[in-house]
Amino acid sequence: MTRKDLTFRIGTGLFGALLILIVASIGYELVRQSMSSIQKFGLSFWRTEIWDPVAGQFGALPFIWGTLYSSIVALLISTPIALGIAVFIAELCPGWLRQPLVFLTELLAAIPSIVYGLWGIFVLVPAIRGLETSMPTVLRQLPIFSGPPLGVGMLSAAVILAVMVIPFTSSVSREVLKSVPPAQREAAYALGATRFEAIRAALFYARTGIVGAVMLGFGRALGETMAVTMVIGNNPRVSLSLFAPQYTMAAVIANEFTEAADELYLAALVEIGLVLFIITLAVNSLSRLLIWSMTRSSTAVAAVEPTPEPTAEAA
Amino acid sequence: MTGSEPGRFGGTSVIWRKALSSVFVAFCALSVLIALVPLFFVLFFVVSQGLLALNAAFFVQMPKPVGELGGGMANAIVGTLIVSGLAALMAVPIGVISGTYMSEYSGTRFASMVRFAADTLNGVPSIVVGVFAYGVAVLPFKQFSAFAGGFALGVMMIPIIARTTEELLLLVPGSMREGALALGATRARAVFSVVVPAALPGIVTGVVLALARIAGETAPLLFTSFNNRFFTTDLRQPISTLTVQVFTYAISPYDDWHRQAWAGALVLVAIVFVCSLLARFATRRLERMHARG
Amino acid sequence: MKTMNRTLVTLAGLALLVSAVAAQAIQINGAGATFPNPIYSKWFDEYGKAHGNVRINYQSVGSGAGIRQIQAQTVFFGATDGPMTNEQLQGAPGKILHFPTVLGAVVPVYNIPNVTAELKFNGPVLADIFLGKITKWNDPAIAKLNPDVKLPGDDITVVHRSDGSGTTYIWVDFLSKTSPEFLKKVGINTSVNWPTGVGGKGNEGVSGLVRQTPGSLGYVELIYALQNKISYGSVQNMGGEFVKATVAAVTAAANEAATKMPADFRVSITNAPGKGVYPISSFTWLLLYENPKDKAQSKAMVDFMKWALTDGQKYCADLGYAPLPENVVKLEMAALEKVKVS
Numbered sequence: 001m002t003r004k005d006l007t008f009r010i011g012t013g014l015f016g017a018l019l020i021l022i023v024a025s026i027g028y029e030l031v032r033q034s035m036s037s038i039q040k041f042g043l044s045f046w047r048t049e050i051w052d053p054v055a056g057q058f059g060a061l062p063f064i065w066g067t068l069y070s071s072i073v074a075l076l077i078s079t080p081i082a083l084g085i086a087v088f089i090a091e092l093c094p095g096w097l098r099q100p101l102v103f104l105t106e107l108l109a110a111i112p113s114i115v116y117g118l119w120g121i122f123v124l125v126p127a128i129r130g131l132e133t134s135m136p137t138v139l140r141q142l143p144i145f146s147g148p149p150l151g152v153g154m155l156s157a158a159v160i161l162a163v164m165v166i167p168f169t170s171s172v173s174r175e176v177l178k179s180v181p182p183a184q185r186e187a188a189y190a191l192g193a194t195r196f197e198a199i200r201a202a203l204f205y206a207r208t209g210i211v212g213a214v215m216l217g218f219g220r221a222l223g224e225t226m227a228v229t230m231v232i233g234n235n236p237r238v239s240l241s242l243f244a245p246q247y248t249m250a251a252v253i254a255n256e257f258t259e260a261a262d263e264l265y266l267a268a269l270v271e272i273g274l275v276l277f278i279i280t281l282a283v284n285s286l287s288r289l290l291i292w293s294m295t296r297s298s299t300a301v302a303a304v305e306p307t308p309e310p311t312a313e314a315a
Numbered sequence: 001m002t003g004s005e006p007g008r009f010g011g012t013s014v015i016w017r018k019a020l021s022s023v024f025v026a027f028c029a030l031s032v033l034i035a036l037v038p039l040f041f042v043l044f045f046v047v048s049q050g051l052l053a054l055n056a057a058f059f060v061q062m063p064k065p066v067g068e069l070g071g072g073m074a075n076a077i078v079g080t081l082i083v084s085g086l087a088a089l090m091a092v093p094i095g096v097i098s099g100t101y102m103s104e105y106s107g108t109r110f111a112s113m114v115r116f117a118a119d120t121l122n123g124v125p126s127i128v129v130g131v132f133a134y135g136v137a138v139l140p141f142k143q144f145s146a147f148a149g150g151f152a153l154g155v156m157m158i159p160i161i162a163r164t165t166e167e168l169l170l171l172v173p174g175s176m177r178e179g180a181l182a183l184g185a186t187r188a189r190a191v192f193s194v195v196v197p198a199a200l201p202g203i204v205t206g207v208v209l210a211l212a213r214i215a216g217e218t219a220p221l222l223f224t225s226f227n228n229r230f231f232t233t234d235l236r237q238p239i240s241t242l243t244v245q246v247f248t249y250a251i252s253p254y255d256d257w258h259r260q261a262w263a264g265a266l267v268l269v270a271i272v273f274v275c276s277l278l279a280r281f282a283t284r285r286l287e288r289m290h291a292r293g
Numbered sequence: 001m002k003t004m005n006r007t008l009v010t011l012a013g014l015a016l017l018v019s020a021v022a023a024q025a026i027q028i029n030g031a032g033a034t035f036p037n038p039i040y041s042k043w044f045d046e047y048g049k050a051h052g053n054v055r056i057n058y059q060s061v062g063s064g065a066g067i068r069q070i071q072a073q074t075v076f077f078g079a080t081d082g083p084m085t086n087e088q089l090q091g092a093p094g095k096i097l098h099f100p101t102v103l104g105a106v107v108p109v110y111n112i113p114n115v116t117a118e119l120k121f122n123g124p125v126l127a128d129i130f131l132g133k134i135t136k137w138n139d140p141a142i143a144k145l146n147p148d149v150k151l152p153g154d155d156i157t158v159v160h161r162s163d164g165s166g167t168t169y170i171w172v173d174f175l176s177k178t179s180p181e182f183l184k185k186v187g188i189n190t191s192v193n194w195p196t197g198v199g200g201k202g203n204e205g206v207s208g209l210v211r212q213t214p215g216s217l218g219y220v221e222l223i224y225a226l227q228n229k230i231s232y233g234s235v236q237n238m239g240g241e242f243v244k245a246t247v248a249a250v251t252a253a254a255n256e257a258a259t260k261m262p263a264d265f266r267v268s269i270t271n272a273p274g275k276g277v278y279p280i281s282s283f284t285w286l287l288l289y290e291n292p293k294d295k296a297q298s299k300a301m302v303d304f305m306k307w308a309l310t311d312g313q314k315y316c317a318d319l320g321y322a323p324l325p326e327n328v329v330k331l332e333m334a335a336l337e338k339v340k341v342s
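Residue numbers (the working numbering), protein chains in the order written: chain A, 1 to 315; chain B, 1 to 293; chain C, 1 to 342.
Only chain A is shown next, with the shape it has when bound in the complex (with noise of 0.2 Å):
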């Protein structure tokens, strides 16, 4: 390797460097503000309900409730949305038609956060508001569905994510669907099989693949802040109920970020930044190696096949 050369690797390494020291120092900074907090409460911050900042008493378990029910709800709606989308546009929805439902699925995860938000008080919470109130009271007296029909709350927060997430879920679940080996579905279309069958039998060659982008879209929704913070109420308290206000970790720190005027109050704030990057980490982590390992597996198989030429499509 000449001089030069060496230069160029250690040059653009560096910048490689510049990114990996970005995501620690994300992580040390989270851990070295919420210092105070960590050593106060240690590991019962995860699962105390007080959020008391007269008292000095800090427990995240109703932001990491509220995170984790919002976002499962969001899951329940989205993925037979949006795996029913992807499995249109990938193999059942005429050639003209795709690029079009391409770009419309795009601009659905391209629009602002905040215009969800805005959409989401003035146009979904009376909807949901009236929903709720022509709920008959029958149904109303199980936990799921109990208190009054506020409008802003779990089910508001959940919609809204659904929407949020679709596209992302969708648009992975597309390029995991592709890598299927055409052979897969020929050998099912050779057996007699229904579009149907085949289909089945393609997702469930990538049901790994699958798995990963459904947990993509779960991780991104446990980090959004805007739109969940203009519908969910801000209330924090554990509730099994959709209509209750609740509270998410990110909404909990846009709120009360700025203003959080005591050490410990502000330290136990970051330390949910924290947690939610942690959470967020792990639910991410898993996600991609999911998808890379069955798109790995496939490609294997595909080599061992002639391989049909790659149909074109933009990025």
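Check the hints yourself; a few may be wrong.
Stated by the list, open to error - Quick look at which bits of chain C chain A covers, simulated, 3 or more residues with Cβ under 8 Å:
# : region
1 : 197–207
2 : 234–241
As the list claims (entries may be wrong) - Chain C side only, calculated, beta carbon under 7 Å to chain B, not exhaustive:
#  : residue
3  : 29
4  : 37
5  : 42
6  : 45
7  : 50
8  : 51
9  : 53
10 : 55
11 : 57
12 : 73
13 : 178
14 : 211
15 : 212
16 : 231
As the list claims (entries may be wrong) - As a list, the in silico DMTMM-like pairs of lysine to aspartate or glutamate whose alpha-carbon atoms are at most 20 Å apart:
#  : chain 1 : residue 1 : chain 2 : residue 2
17 : C       : 229       : B       : 255
18 : C       : 229       : C       : 311
19 : C       : 49        : C       : 311
20 : B       : 64        : C       : 256
21 : C       : 314       : B       : 68
22 : B       : 142       : A       : 263
If you're looking for bench data, these hints aren't it; they were derived computationally from the structure.
Remember, it's a predicted structure, so these values are computed and weren't measured experimentally.
Beta carbons are placed, not taken as given, at the ideal position from N, Cα and C, and that holds for glycine.
Based on the hints, put chains B and C in the right spot on chain A.
Quick look at chains B and C alone, frame taken from chain A:
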């Protein structure tokens, strides 16, 4: 083949299987429609409410005192452009060059670490980036500033640009790189004079799309660039941005501010839309130019 | 590559140049209470018109944020309706002075479909509602205070602040004075552990939520109720009268305290004794460092304060705030001399 009768697959009748298949296909088509409903719903409201509120004053005036009608978001629009510009200034060099490293030395362990870091950074929630930027770019200087806002958004842009650059550089046929090296070029020369220009359309697209994405971010700006009632180009001062302004107005009780919030949302969506279209258009244009040259 | 370099350098140079040029005008950044935001924003606008080179950028983010930001020195001045505690003052890197600017009132706002009458409340009833003990509008305790009003059986949706708020401070200060149980269970602070309810960000957020949520009850600064045409009730004062918040009623609340003003101006006037007093009134304070680093900004701010305490007071009444009593202004002008301007 299970079952001895024609049409049997796994022991069920053809009619049932075909029906199931049709239901499934219908479901998939329906999901597309279901997903498009909120899209059009949101766009409809943003466009209809926003257009009502959009007037010349919106683009050239500053906000009026609380409770008074009228005024505009001129400072916020300029602010968004400034902060996004700062973010790009920071993120493009770091993103492109680290992307170059990842593609050129793709197999090495270090490159995998960089890739992992980029993907991790991509998944960090924007609010956490905001907390980080507050500790690093605001507290030490005791100042909310446009710089801090640009820094926060830049951190978010870097992984997007890095990964896009890497993927596109890897797509460039190896023959081009090898050809340059065979002619005696250094690695650096080969990459920057031959490979990067070949991938340039895609890289530019990636940058524009990343810009569109961060122009719509609010959370990281809440405690970095903060907000400013006035028009300012002083980068060391807090600065108004469209997203934060829309947020402030949206949660307020004033109807006039709500109107302006919709207008701001419309401008935001328009920026994103225009950027996406521009990116696609530019890609096609540059590809055609490159194919000829 | 070369052109990219050149462009980058030029852009960076331009940015620095522009920022240098723009720095001619003095920009002062402040943050804090949403309570006085309408009058402050009017003041800064009017003052800015008369003194073109001074731009005061005030962000209404809540008293808690105001206190925090001035402690961290990320803003030049803070604003709060809940005076800083001794611990908070000790936590600051320098001495911080409180300067009352106006008097305001916190009113109970409500949104009950088909009820347009003005409701009467008292401290214990409000405390029980916010404790979650009274949950329906037609509860006997509320009905007893409002015998002429047909109250529905709807649930009460309590709306409080989700951010650290001086308005909250004033509200819970009053409730704690009138309900020992509230004092014990919730306490007095800018941010408390609310037993029930939905959180809105800023006075703006609470007003917005109450406007949009049928059956809700919240608390906001008077001007927010007036500007947004939200119904607000009267509150029983120490003398037993039901008083609706007006400029006169708020001024009456300050009369007694004005004669016994502590040197640092930190005083609570909720539940004040006297005739015609509105019981949920309060001063709101501007926070300044006694010896700030930037003397140019300090001079501009002190000049502004002198204007606000004199000429500025005439804008109060239109916006529903009460001007400061004369002797308080005199004491403050003297106290302003303590702030170092050079």
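Evaluated hints:
1. 197–207: holds (count 5)
2. 234–241: violated (count 0)
3. 29: holds, 6 Å
4. 37: At 6 Å from the nearest chain B Cβ, residue 37/C passes the 7 Å test, so the hint holds.
5. 42: Holds: closest Cβ of chain B sits about 5 Å from residue 42/C, inside 7 Å.
6. 45: holds, 5 Å
7. 50: Where the cut-off is 7 Å and the nearest Cβ of chain B is about 15 Å from residue 50/C, the hint is violated.
8. 51: violated, 14 Å
9. 53: violated, 12 Å
10. 55: holds, 5 Å
11. 57: holds, 5 Å
12. 73: holds, 4 Å
13. 178: violated, 27 Å
14. 211: holds, 6 Å
15. 212: violated, 9 Å
16. 231: With a closest approach of 13 Å, the residue 231/C hint is violated.
17. 229/C <-> 255/B: This hinted pair holds, its Cα atoms lying about 11 Å apart.
18. 229/C <-> 311/C: Violated: residue 229/C and residue 311/C sit about 28 Å apart, past 20 Å.
19. 49/C <-> 311/C: holds, 14 Å
20. 64/B <-> 256/C: Between residue 64/B and residue 256/C the Cα gap is close to 37 Å, so the pair fails against 20 Å, i.e. violated.
21. 314/C <-> 68/B: The given pair, whose Cα atoms are some 18 Å apart, holds under the 20 Å limit.
22. 142/B <-> 263/A: holds, 16 Å
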